[in-house]
Amino acid sequence: MRGLVIAAILLAAAPLGLPPFATTLLTEALILGLLAMSLDLMVGYTRLISFGHAAAYGLGAYACGDLLIHTRLPLPFAIFLSASITGIVGIGVAWVCTLAKGVSFSMLTLAFAQLLYAIAFKWTAVTGASDGLAGIPRRVGPFGLTQFQTRNGYYYLVLGCLLGAYAFCRVLVRSPFGAVLRGIRENEPKTISLGYNTRLCKIAIVAISFMLGGLSGALYAPFAGFANTDLLFWLFSGQVLIMVIVGGQGTLLGPIVGAAFFMLLEHVLSQYTDSWALFFGLIFIGFITFAPDGIWGLFRRRVRI
Amino acid sequence: MDFLPFLLVQCLNALSQAALLFFLGVGLTLIFGIMRIVNFAHGTFYMLGAFLGYSAAHLSGSFWFALIAGPIIAGGVGAAFEIGLLRPLYRRGDSAFLMVTFGLTLVLGDITRLLWGVDPLQISLPNALGAIVFLFDEPFPTYRLFLAAAGIIVAVAIWQFLERTRLGLLIRATSQNAEMVHALGVNVNLVRSGIFGIGCGLAALGGVLAAPMVTASLGMAGNAIIDAFVIVIIGGMGSFLGSLLAAVLVAFVQVFGTYYFPDFALAAMYLLMLLVLMIRPGGLLGKEI
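Heads up: the protein sequence lines correspond to chains F and Y, in order. When we follow our numbering, the leftmost residue of the first sequence carries the number 1, and every step to the right adds one. When we follow our numbering, the leftmost residue of the second sequence carries the number 1, and every step to the right adds one.
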């Protein structure tokens, strides 16, 4: 807990001491961290391995982009509305995907994300097809607030969202509901026989995970100023899963570390080589084989000994 | 064009499409049925097959040589991967396989890009296959007829292999009770590596066969893995006949869907999958889960 407060203070002070491009990089890392954390609710706590989490990210980003371009909604409202929309879509996705279990669930989430990807290419009016949505503004407001339009102001908006989402997830996984989720992870038939409606619980956690993933996508659209079909691509879904596993599944904080680690790695690697996928893949295989607990697990083990 | 000839031509189109889908789906379902491994890299082996086929055809000047060399090399890569990376993970859960094969997808995809570059590559057909025949006075590519025939031949061959040969018997036994087979003195690890190699080789065969129609490109892998998953889900995980049935169903939905509702053709495939899952969650011929 003490480490957490120190980390929060350090993150809050970061823009004051960092050069501007580093603040931008850190903002993106936090956005991806939020996405990875939302996926961790499914993967780490309920063992619902979703291979289509890019769907949540892309949905949130497109929704937020359209809201900002076509309405005069203030920035924070547009972001939260987009997250809610994604959460509602998530209920439908969850209802379908939880028809299946295990690996079939993974495939269904992947198929759903691909369906959205195909729709995004066709539905030009809403998604701008292959061009994507460009020139997404950061609208003023509410009450004429202009702070979020600046680089540092936006960083604090993202940081606030991440801390709020983390607090929410932490309470959630420690609640009785969280205990049921872990029950599903360890032994679903037993959890059913204890009288829990596990399907309903799974639908709830997928919808919540989608909502937070949508929040992260909604934060990305005005940050980058554009949204395109890359955000929905299946390889991106896989990358987010990599961040969760490499960071440490079932820890909430681990996936954030994993996301930051990969942002940094991609930034460094892209200066020397364009084969980042090769190194991503090798590092990922290495972690799965030798360190299934991820960076967070390695760190915890080191500290305990 | 009259309705009956039109129907026949479209059916032949669908059958040739079904053959390609079957090559994709059957390897995945064999690997899953026998090893309980979901091979995420399956689409990548399909793509690898197309590129290997291109090089083999280019170097030897023979499409027939490419048809043999491509799948064998890709199958070898698959078997090596199974021995090196999957074998240590047998004591872990299903998801470890899914993720490690995803890692392989990234690595193989990038290696393919480094070796062959980013431009799509065209395989040229021998004259006998590149021609056009006339069915009811309508031109129809010979190659599509060849594909449909190849699909039927390979399907019958796999079926006979599994039912009639000693190795097929061992494979079926391993899928039911690997420990017992091991206790009877069979090298189960070797059977598993072989199956993984054969599955990847079948995907690569599909890739070589698809390449003359769609060119070998890096984008193949993504589409292929989705198609393969859809077929395996509809047919039932691990069911050989199921994958055959699903490939035919999906191909007909794709071909006729593209003709009648061009904008919704892709969605039709997913709707079919949804319908099957709601009626039979384990797939058409799969076990109830």
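A couple of the hints might just be wrong.
[Said to hold, decoys possible] So, partial list: chain F residues that the calculated Cβ filter (under 8 Å) puts toward chain Y: (1) L18; (2) T24; (3) L25; (4) I49; (5) I69; (6) K122; (7) A125; (8) V126; (9) G128; (10) W234; (11) F284; (12) I288.
Since the hints were derived computationally from the structure, they do not count as laboratory data. For each residue, glycine too, the CB sits at the ideal point set by N, CA and C.
Outcome of the hint check:
1. Interface hint at F/L18: violated, since its Cβ lies 31 Å from the closest Cβ of chain Y, which is beyond the 8 Å cut-off.
2. This hint is violated: F/T24 has a C-beta 26 Å from the nearest C-beta of chain Y, more than the 8 Å allowed.
3. Taking 8 Å as the C-beta contact cut-off toward chain Y, the hint placing F/L25 at the interface is violated, the least distance being around 23 Å.
4. Look at F/I49: its Cβ gets to within about 5 Å of chain Y, closer than 8 Å, so that hint holds up.
5. Look at F/I69: its Cβ only gets to about 24 Å from chain Y, farther than 8 Å, so that hint breaks.
6. With 8 Å as the threshold, the beta carbon of F/K122 comes within range of chain Y, its nearest partner Cβ sitting at about 7 Å, so the hint holds.
7. The interface hint given for F/A125 is broken, as the beta carbon of that residue sits about 13 Å from the closest beta carbon of chain Y, more than 8 Å.
8. The beta carbon of F/V126 is not positioned within 8 Å of any beta carbon in chain Y (closest approach about 15 Å), and the interface hint is therefore violated.
9. At its closest, the beta carbon of F/G128 sits 17 Å from a beta carbon of chain Y; the interface hint therefore is violated under the 8 Å criterion.
10. Among the interface hints, the one on F/W234 holds; its C-beta lies about 6 Å from the nearest C-beta in chain Y, closer than the 8 Å criterion.
11. Interface hint at F/F284: satisfied, since its Cβ lies 4 Å from the closest Cβ of chain Y, which is below the 8 Å cut-off.
12. Nearest Cβ of chain Y to the Cβ of F/I288: about 5 Å, under the 8 Å cut. The hint holds.
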